[in-house]
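*Asks:* Below are the chains, spelled out letter by letter.
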Amino acid sequence: AQKVTQAQTEISVVEKEDVTLDCVYETRDTTYYLFWYKQPPSGELVFLIRRNSFDEQNEISGRYSWNFQKSTSSFNFTITASQVVDSAVYFCALIPNQAGTALIFGKGTTLSVSS
Amino acid sequence: KAGVTQTPRYLIKTRGQQVTLSCSPISGHRSVSWYQQTPGQGLQFLFEYFSETQRNKGNFPGRFSGRQFSNSRSEMNVSTLELGDSALYLCASSLEGTDYGYTFGSGTRLTVV
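Taken in order, these protein sequences are the chains called Z and U. Be aware that the first sequence starts at 3, since it is given in the numbering used here, and climbs by one per residue. Be aware that the second sequence starts at 423, since it is given in the numbering used here, and climbs by one per residue.
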């Protein structure tokens, strides 16, 4: 089965706290792609990162970092020193090789950052 | 450059009617995908069009259909609307689809009453 699980439905933090959003995926394919998207209240999905299955390097982009571990089928996302503007719904997604171009999304994690 | 444009932003229809939603991709992008977002089912893939051909299809009934024009603009149509079709419909464009560089529009919010 091809599946993405985001076990955290909602997370609330205070500004400047660090927060990690969990993502666990399932696929039998050896080649696959993982994504994180942010959905602000306006509705559009904003691309954050794409990672293919052969690239297990962690990535840092400003306050954002991603930890990809094939051994545990996880692709976690950490926001350092969170800000109110980070409040949004965050989706982890998977494209298994055989699905071609169809993103399989997790249910999303709603992050609320208060000042 | 202009992003992905979806029209209309909001739509209210009556059960049994049909509806057409439009998506204009980023200039030069030839792949357009459609997704349905509901509170219960989350984000689900509807279909993808590339160079005017449906290349990939999700698990939705035949009431959901789409097409793509020579300028890459795409429309999706839902016939015989049901209350459960109320959702945010999102369109994503990319150069080839398989480049995985999807850019999403702001969506069309459809309410069926």
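Derived from the structure by calculation, the hints contain no laboratory data. Among the clues, some could well be false.
Stated by the list, open to error - Residues from chain Z that keep clear of chain U, each with C-beta distances beyond 10 Å, as calculated:
1) D20
2) S44
3) N60
4) V86
5) A90
6) L105
7) V115
What the hints assert, rightly or not - If we take Cβ atoms under 10 Å as the criterion, some of the chain Z residues that face chain U in the derived model are:
8) D24
9) Y35
10) N54
11) G102
12) T103
13) A104
14) F107
What the hints assert, rightly or not - In silico BS3-like links for lysine-lysine, alpha-carbon gap of 30 Å or less:
15) K479(U) with K109(Z)
16) K5(Z) with K40(Z)
17) K109(Z) with K435(U)
Even glycine gets a Cβ: it sits at the ideal position worked out from N, Cα and C.
*Asks:* Decide, hint by hint, whether the structure agrees.
*Replies:* Consistency of the hints with the structure:
1. D20: 26 Å, holds
2. S44: 6 Å, violated
3. N60: The claim holds: N60(Z) sits with its nearest Cβ about 20 Å from chain U, beyond 10 Å.
4. V86: 21 Å, holds
5. A90: Holds, since 13 Å exceeds 10 Å.
6. L105: The claim is violated: L105(Z) sits with its nearest Cβ about 6 Å from chain U, within 10 Å.
7. V115: 22 Å, holds
8. D24: 16 Å, violated
9. Y35: 6 Å, holds
10. N54: 9 Å, holds
11. G102: At about 5 Å, which falls below the 10 Å cut-off, the nearest Cβ of chain U leaves the hint on G102(Z) intact, so it holds.
12. T103: The hint holds - T103(Z) has a Cβ within 10 Å of chain U, the shortest such distance being about 4 Å.
13. A104: Where the cut-off is 10 Å and the nearest Cβ of chain U is about 4 Å from A104(Z), the hint holds.
14. F107: 4 Å, holds
15. K479(U) with K109(Z): Given that 30 Å is the threshold and the Cα spacing comes to 20 Å, the pair holds.
16. K5(Z) with K40(Z): Holds. K5(Z) to K40(Z) sits at ~19 Å (cutoff 30 Å).
17. K109(Z) with K435(U): 27 Å, holds
In summary, the numbered hints that this structure violates are 2, 6 and 8.
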